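K.L.:
In case you want the letters, here they are:
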Amino acid sequence: RKEVEQDPGPFNVPEGATVAFNCTYSNSASQSFFWYRQDCRKEPKLLMSVYSSGNEDGRFTAQLNRASQYISLLIRDSKLSDSATYLCVAPGSFNKFYFGSGTKLNVKP
Amino acid sequence: EAQVTQNPRYLITVTGKKLTVTCSQNMNHEYMSWYRQDPGLGLRQIYYSMNVEVTDKGDVPEGYKVSRKEKRNFPLILESPSPNQTSLYFCASRYKGQGGYEQYFGPGTRLTVT
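Each protein sequence line maps, in turn, to chains G and W.
Going by my numbering, 52 is the number at position 52 of the first sequence; the sequence numbering is gapless.
Going by my numbering, 114 is the number at position 114 of the second sequence; the sequence numbering is gapless.
Derived from the structure by calculation, the hints contain no laboratory data.
This one's a predicted model, so the numbers in the text were calculated from it and none came from an experiment.
Don't be surprised by glycine CBs; every beta carbon is placed ideally from N, CA and C.
Careful, some of the hints might be misleading.
To be verified - Between beta-carbon pairs, the in silico distance windows are:
{"id": "1", "chain 1": "G", "residue 1": "Asp39", "chain 2": "W", "residue 2": "Val54", "range": "41 to 47 Å"}
{"id": "2", "chain 1": "G", "residue 1": "Gly9", "chain 2": "W", "residue 2": "Thr22", "range": "31 to 37 Å"}
{"id": "3", "chain 1": "W", "residue 1": "Thr13", "chain 2": "G", "residue 2": "Pro10", "range": "39 to 45 Å"}
What the hints assert, rightly or not - Below, in silico cross-link-like pairs of lysine-lysine (BS3-like), each with a Cα-Cα straight-line distance of 27 Å or less:
{"id": "4", "chain 1": "W", "residue 1": "Lys71", "chain 2": "G", "residue 2": "Lys104"}
{"id": "5", "chain 1": "W", "residue 1": "Lys71", "chain 2": "G", "residue 2": "Lys42"}
{"id": "6", "chain 1": "G", "residue 1": "Lys45", "chain 2": "W", "residue 2": "Lys96"}
{"id": "7", "chain 1": "W", "residue 1": "Lys57", "chain 2": "G", "residue 2": "Lys45"}
{"id": "8", "chain 1": "G", "residue 1": "Lys2", "chain 2": "W", "residue 2": "Lys65"}
{"id": "9", "chain 1": "W", "residue 1": "Lys65", "chain 2": "G", "residue 2": "Lys45"}
{"id": "10", "chain 1": "W", "residue 1": "Lys57", "chain 2": "G", "residue 2": "Lys96"}
{"id": "11", "chain 1": "G", "residue 1": "Lys42", "chain 2": "G", "residue 2": "Lys2"}
{"id": "12", "chain 1": "W", "residue 1": "Lys96", "chain 2": "G", "residue 2": "Lys96"}
{"id": "13", "chain 1": "G", "residue 1": "Lys2", "chain 2": "W", "residue 2": "Lys96"}
{"id": "14", "chain 1": "W", "residue 1": "Lys18", "chain 2": "G", "residue 2": "Lys45"}
{"id": "15", "chain 1": "G", "residue 1": "Lys45", "chain 2": "G", "residue 2": "Lys2"}
{"id": "16", "chain 1": "G", "residue 1": "Lys42", "chain 2": "W", "residue 2": "Lys65"}
{"id": "17", "chain 1": "G", "residue 1": "Lys96", "chain 2": "W", "residue 2": "Lys65"}
{"id": "18", "chain 1": "G", "residue 1": "Lys96", "chain 2": "W", "residue 2": "Lys69"}
{"id": "19", "chain 1": "W", "residue 1": "Lys96", "chain 2": "W", "residue 2": "Lys71"}
{"id": "20", "chain 1": "G", "residue 1": "Lys108", "chain 2": "G", "residue 2": "Lys79"}
{"id": "21", "chain 1": "W", "residue 1": "Lys18", "chain 2": "G", "residue 2": "Lys42"}
{"id": "22", "chain 1": "G", "residue 1": "Lys45", "chain 2": "G", "residue 2": "Lys104"}
Put together the whole structure using the sequences plus the hints.
P.N.:
Printed below as a string of structure tokens:
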């Protein structure tokens, strides 16, 4: 089983839609998690960190469910500029980091 | 400007010809790491370093070497590149403490080994 698993998508949604991605992780000892955004093979950039039950930043909400070992990312009122690949990241043991393979989002006019 | 730089950005080379990809950060971060990204596999950690002279293997270290002689630099060395090392490589750095510290990524190096 992979350390971090994501649905690769693509998710094709119209502007203004609400869309949610899930990510499951295998290391129950992980404490903090991250969502990164990656545009077209450019470098990943941090979107949100998730430490406790959840985190909200404008149109973006990340939630953590430790019992089921998954984190989610909710994007409300999608914009064309939200089109990107979203990477879920979980820390592993011994200071390693594990990235999901990414979920691709296409927001259409 | 806080940043991570990588060089070269693009490289085409032949099997067996040793190469080095440089990485430098100006944020005084203790932790630095190298990843490779391949379609469908996401980013996979090659090596990481918790501080000067402290390096450790990630998940896919075979065929790679690293060194950390200075805090700001973390070069990736391919002693004898092979075609299966064709990939997009990212260097990253962060503070080493536990918790939600962001990793800052370099712009990437696209390597092709023929």
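K.L.:
Has the given pair, Lys45/G with Lys2/G, been kept, meaning a C-alpha gap of at most 27 Å?
P.N.:
22 Å, holds
K.L.:
Mind checking the alpha carbons of Lys96/G and Lys65/W for me, to see if they're no more than 27 Å apart?
P.N.:
17 Å, holds
K.L.:
Quick one, are Lys71/W and Lys104/G close enough, alpha carbons at most 27 Å?
P.N.:
Roughly 35 Å between the alpha carbons, so the hint for Lys71/W and Lys104/G is violated.
K.L.:
For the pair we were handed, Lys71/W and Lys42/G, check the Cα-Cα distance against 27 Å.
P.N.:
25 Å, holds
K.L.:
Would the pair Lys42/G and Lys2/G pass a check requiring their Cα atoms to be no farther apart than 27 Å?
P.N.:
24 Å, holds
K.L.:
Hinted pair, alpha-carbon criterion (27 Å max): Lys57/W, Lys96/G. Please report holds or violated.
P.N.:
Since the Cα atoms of Lys57/W and Lys96/G sit roughly 9 Å apart, the hinted pair holds (cutoff 27 Å).
K.L.:
Does the alpha-carbon distance linking Lys57/W and Lys45/G stay inside the 27 Å limit?
P.N.:
24 Å, holds
K.L.:
Quick check on a hinted range of 41 to 47 Å for Asp39/G and Val54/W, using CB atoms only.
P.N.:
33 Å, violated
K.L.:
Is it true that the CA of Lys45/G sits at most 27 Å from the CA of Lys96/W?
P.N.:
Holds. Lys45/G to Lys96/W sits at ~18 Å (cutoff 27 Å).
K.L.:
Quickly compare the C-alpha distance for Lys96/G and Lys69/W to 27 Å and report which way the hint goes.
P.N.:
Within the cut-off at roughly 21 Å; holds.
K.L.:
Is it true that the CA of Lys2/G sits at most 27 Å from the CA of Lys65/W?
P.N.:
25 Å, holds
K.L.:
Lying within 39 to 45 Å: is that true of the beta-carbon distance Thr13/W to Pro10/G?
P.N.:
33 Å, violated
Checked against the numbered hints listed earlier, the structure breaks hints 1, 3, 4 and 14; every other hint is satisfied.
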